[in-house]
Every structure is written in C-alpha cells, then in structure tokens.
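Q: Those protein sequences? They're chains A and B, same order as listed.
Sequence positions in the first sequence follow this note's numbering and run 7 to 263.
Sequence positions in the second sequence follow this note's numbering and run 7 to 263.
Note that these hints are calculated values from the structure, not bench results.
Don't take each hint at face value.
A pair holds if it fits inside one copy or across any two, identical chains being indistinguishable in the list.
[Stated by the list, open to error] With a Cα cut of at most 30 Å, we get these calculated DSBU-like pairs of lysine-lysine:
| hint | residue 1 | residue 2 |
| --- | --- | --- |
| 1 | K12 | K29 |
| 2 | K64 | K25 |
| 3 | K256 | K180 |
| 4 | K255 | K180 |
Just so you know, these numbers come straight off a predicted model, no measurement behind them.
Protein chains: 2
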Amino acid sequence: MIILEKTPFQEEKLLDLLKKHTKLELQMRNDIYSTYHLYPPPELSEIKTTVVYPATEKHLQKYLRQEVHLIRETREDYENVTLPFIQSQSFSVQWVYNILEKKAEADRIVHENPDPRDGFVLVPDFKWNQNQLDDLYLIALAHRRDVKCLRDLTGEHLPLLRNIAREGTEAVTKRFGVPGSQLRIYLHYQPSYYHLHVHFTALGYDAPGSSVERAHLLADVIDNLATDSSYYQKRALTFALRADEPLFKKFQEAGRA
Amino acid sequence: MIILEKTPFQEEKLLDLLKKHTKLELQMRNDIYSTYHLYPPPELSEIKTTVVYPATEKHLQKYLRQEVHLIRETREDYENVTLPFIQSQSFSVQWVYNILEKKAEADRIVHENPDPRDGFVLVPDFKWNQNQLDDLYLIALAHRRDVKCLRDLTGEHLPLLRNIAREGTEAVTKRFGVPGSQLRIYLHYQPSYYHLHVHFTALGYDAPGSSVERAHLLADVIDNLATDSSYYQKRALTFALRADEPLFKKFQEAGRA
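Okay, chain A solo, but in the shape it has when bound (with noise of 0.2 Å):
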C-alpha cells in the first residue's frame, strides 16, 4: 500500500518557488484579479509517501472512503460489545514496543520521562515530516502496557495523565517553540492502536481526527477523572465507525447500530 500526501508550503522556499519555476500558465484574467498555474521544479515540490508492506486488509480499509455512522457506547456496550472485539484481534503494537525499547526512531525521541509507572516517550508522528511547524504532530506513548485507551483510565493515571500534559508541553515549546497554548492535545476514541497514547498537533492545523466526535481534549480528561475517578468506566462515549468495519458489525448484531 501506498499513501501519498501533499505537504504544507515552507516559507523559506517560497522565494525560489516564484523565481526559480519552470513555467507559468495564465488561466484567468479579471479586473484586479488573474490565476495562474505554476509548475515547480520536483525540489521545490516534494511528497510524502508512505508505504506499508506487507499491507492486510485492515491497513486498505483505514484509507477507503465509506459511509460512517455516530455509535453511541455504554458502559455495557464497551464490556459486551468493543472489549471482546478488542481482544480477539490481537491488534499489533510491536513498534510502539520497539519505540518504547529503543529499537526503533530511538534518534527521533523529543523527550522521555523513564518512570515505568508514570513516564512516557514523545516522538514526532509518522504524518508529520518536521520540515514546518503548521502540521505539527506529535504523539506521546506511555511506558506502562496495561492500558489500552481512554476506557481503562482512572484517578490512579492522572499522574502520567499530568506529566504528559506538562512535561510533553515543555518538550514541543522547547524543541519547535511553539507554545502551549497554541497546541491542541487530546486522546482518540476509539483509538486506532489499544496502547495508552495522547496527540499533540498545531492548534491552527486542522489534523484529521482533532473532530468532536474522536478527540477528548487531555485538560478535560484530567478534570474528569479529578472530579470522579471512574468518569470513562461509567459513562457513555461517542464515537464514529465506518459500516465495513468489523467492530460497527459487532455492534449492529448486538442490535446497538
């Protein structure tokens, strides 16, 4: 499988962008008003791509468009429905592992808080090439492997919850210098790895996934579980699930979709 994905400009290169392209094609002239169609020399336009081999199934679904429907889970519907999907998929996290070991983008960690208990790794996501800071993307992975997602969280993590806040906070500002609050930081749910992970993007880039119907905002999570320590045990979520997905199958048998 192949992604391949256009990149935000780089304001450093834009002057070389006017000077420097190959051609320049009128299309449209009026009043004030003219557009143009540039072609740039293949430095200046770049594209990043992605490649997953061997890709499964589930890997091409991720990426086709398909109808989506609001799944509206309850306690009961997470233990009788999404928790027994879970687990019978044996969902691989080895190279969120292999970050976690060091055996992989080792080079590429921002920060690392050790505590097996409370600590965490702050890597750059795979969609963000690091070349501009407008799609800013990071994405904070626990140390400890007992908690999948949002569900399984309690008053007992809200210190990693709070060192992750601050301490991933920190890193990005001191790294890229860009500002907390200028920075959007949330959980998924449904995620789409079942290994406790928070998102750090640019608060100006509309990231795929930073929509109400995903993203729980981290400072919300906090309160939450500081004012009621089993807030995600009880109550509902909602979340969006295309039809060919296996799990919105589950919960159309289970006469909840």
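Assemble chain B onto chain A, guided by the hints.
A: Chain B only, in chain A's frame:
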C-alpha cells in the same frame, strides 16, 4: 498579493507520478512501515496561483493568518472576564428573535416545538444552500431567551435539550432522509451569538467549528447535566481565540492568557 495553493491529486495521473518520479528519498523505516520523500516532475505538481494586483489592505487581512490561542476558562474566569465582556457587548440577536417570532425565514422552518420553556425552532443554517446533503447544516434555536450558552445550562434545561435531540433528529431524518447516526449534534463554546442554539451537521462534513476545542456533543452535555446539574457551572472549559479578538485582550489584561 500572490496566493499559492496546492491542488488535490488527479487520479488519472497517479501512475505517472509513481513511474516518472525523479527521486525517492528514504526517511524512516520501522517494521512494515516506511516513509519517503518523492520529488515529482514539474508537470505533475502544478500549483494554483492567484495574483491580486493592486491588493488593498482588506484583501490582505482576509488571508493573513491570525495567531490563535487556547484559553482554559475556569468558573472564576467566566465570572470575572467572559461574562462582563458578553454583557458589555450587547451582541444583537434580533435576527434570532425574528425567526422565533416568524418575522423572518418563517418558510424555512423545518420543525417547531412551540413550548415557551422547552420548545425550539429548527432552521437550515445560512451556510447551507440545501442543494446537497454533503454539507447539511441546521440550527435549533431555543424559544426561551434567558440561556446564553453552555455555561448557563443546568439540570433544569434537560427537557429542552432532550426535545432538541429527539425531535430535531426525527425532523431532519423525515425531511432530508439523513439518519440520526449520521448527524453530528453539538453546541459551540464560545458560541458566535449568545442565545442558546444547537448545531446539526452531516457527520461526513468536516464543518468549521466541529473540532474538539469548540464543539460539545449534545449527548455528552445531556449526560453530564443528568449526572451533575452544575457540571457546566463548575468546570473549566477550553476554547480558542484569535489574538486580535477583544475577548482575548480581556484575558490578557486579567493575566490569564
């Protein structure tokens, strides 16, 4: 003024892109995943270029990126900064009253529950031209005029909120054929006008203002209020403000931004 925009990939040129690339540079490899930079030839990486000449100050403002910052508003912030600001502004909501009183848009009403306390009017949002369901967007406006926003909501308002959730969904499904599972139903905080209203958008539509730092799912609001009538009176709420907004200046003056 020159505006440069990268355009979406054209399906029929994808093969060329993968065959004719001049260079493929490996960035990272981990397990089955690897990322590359691909440098395509000029004819496959056209950039849409718009020239406005001469450009006025107003043209520039429209495109200048404004710095945006997150505010974490405590209850005290709301009382000391936000509420006095709202009260000092006298934002006009006459256009809302015109709809509620059938003095405007009466022919556009999709559903009404006329109860003065627990009723509402459902209308298509200005932003939706009703030509296609992809960007479906409706607004439910409460009949009562004493609820400004999410902060004012308590258990007292549960009947109103539940009416909006149930009747609003039924009305959209009946009129437009979109099932409840494909509707994103939420409140904004901060809202753009201070009269209680709820957004209904197509789940597949990446509607502006549907991201986690502004949107609150109605289902979550209802559950939170049912658990704790004063949930939104007490808790901290996050929202984003542009650096040039008057409310942002108020937060700065208060030493809270």
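Q: 30 Å Cα cut-off: does K12 pair with K29 within a copy, between copies, both or neither?
A: Answer is both; intra-copy 20 Å and inter-copy 15 Å each pass.
Q: Could you figure out if K256 and K180 sit no more than 30 Å apart (CA to CA) within one copy, between two copies, both or neither?
A: between (45 Å within a copy, 27 Å between copies)
Q: Have a look at K255 and K180 and pick one of within, between, both or neither, based on CA distance no larger than 30 Å.
A: between (45 Å within a copy, 25 Å between copies)
Q: Pop the pair K64 and K25 into one bin, within, between, both or neither, using alpha-carbon distances up to 30 Å.
A: Classified as between: cross-chain Cα gap 26 Å, same-chain 44 Å, threshold 30 Å.
Violated hints for the displayed structure: none, as all numbered hints are satisfied.
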